[in-house]
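Q: These are the residues of each chain, in order.
There are 2 protein chains.
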Amino acid sequence: MDKNIEISLLFDFYGQLLSPKQHEAISLYYNDDYSLSETAEVMGITRQGVRDLVKRSEAELYEYEEKLGLYKRFEQVGESAGKIRALAKEICESQDLQAVELAKEIEALADKLYTEEA
Amino acid sequence: MDKNIEISLLFDFYGQLLSPKQHEAISLYYNDDYSLSETAEVMGITRQGVRDLVKRSEAELYEYEEKLGLYKRFEQVGESAGKIRALAKEICESQDLQAVELAKEIEALADKLYTEEA
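For the record, the sequence lines run as chains A and B.
Going by this note's numbering, the first residue of the first sequence is number 189, and it counts up by one from there.
Going by this note's numbering, the first residue of the second sequence is number 189, and it counts up by one from there.
Note that identical chains are pooled: a pair holds if it fits in a single copy or bridges any two copies.
List time: in silico BS3-like cross-link candidates among lysine-lysine, alpha-carbon distance up to 30 Å:
(1) K191 <-> K209
(2) K243 <-> K191
(3) K255 <-> K209
(4) K277 <-> K260
(5) K260 <-> K292
(6) K271 <-> K292
(7) K271 <-> K300
(8) K260 <-> K209
These are computed hints drawn from the structure, not numbers from a lab.
Small disclaimer: the values here were computed from a predicted structure and weren't measured.
Given these sequences and hints, build the entire structure.
A: This is how it looks when you write it as structure tokens:
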């Protein structure tokens with residue numbers, strides 16, 4: 189069973205909608221990078237039990253994203269923030285010191301957008 | 189029963205997680221601004237039935253936001269986008285024409301952020 193990087197990202201968005209057991213399994217297996225067997229030991233269930241929990245949780249996380257698309261919306265925010273930051277950096281090369289000051293403020297706000305997005 | 193503006197906003201985010209009946213009730217009552225009685229007539233259920241559906245849906249929408257907080261995160265994106273736009277507009281007053289060109293690009297990206305947020 190391959191670990192899927194997307195799952196960690198979707199878990200960050202929708203993890204609170206999973207059941208406590210699902211939440212624990214995904215958290216150990218994906219966020220703490222435990223193996224199936226290690227996760228099983230921590231949770232006191234079988235390796236197959238963990239596998240089932242993880243599979244079901246993955247399907248639910250994808251379903252939430254398919255219904256709500258909020259992760260995709262945030263990803264687009266991050267992309268735009270990156271472009272804004274790059275443009276503001278270019279303005280900082282200007283001889284117009286007031287423009288540079290304003291561009292620095294824009295840069296800081298674009299950085300904040302990244303944080304809000306993450 | 190007062191209509192609550194927040195519900196329309198939360199419905200835009202989490203509406204797809206409601207049951208089809210709940211979705212229909214909130215859509216008619218909030219988005220189309222039908223009365224309880226009108227909603228009841230369209231749905232072919234009692235006025236009290238609509239009231240119960242709406243109350244339960246409202247509680248669920250608040251619960252989703254409490255768990256996920258995604259509406260709040262998007263609201264902050266919109267706030268930052270507004271500030272970025274205002275700063276870019278100021279840069280457009282500059283004598284440095286290259287800075288102005290870059291600032292116009294930033295403005296367009298900030299506008300796009302609003303759209304992504306909405």
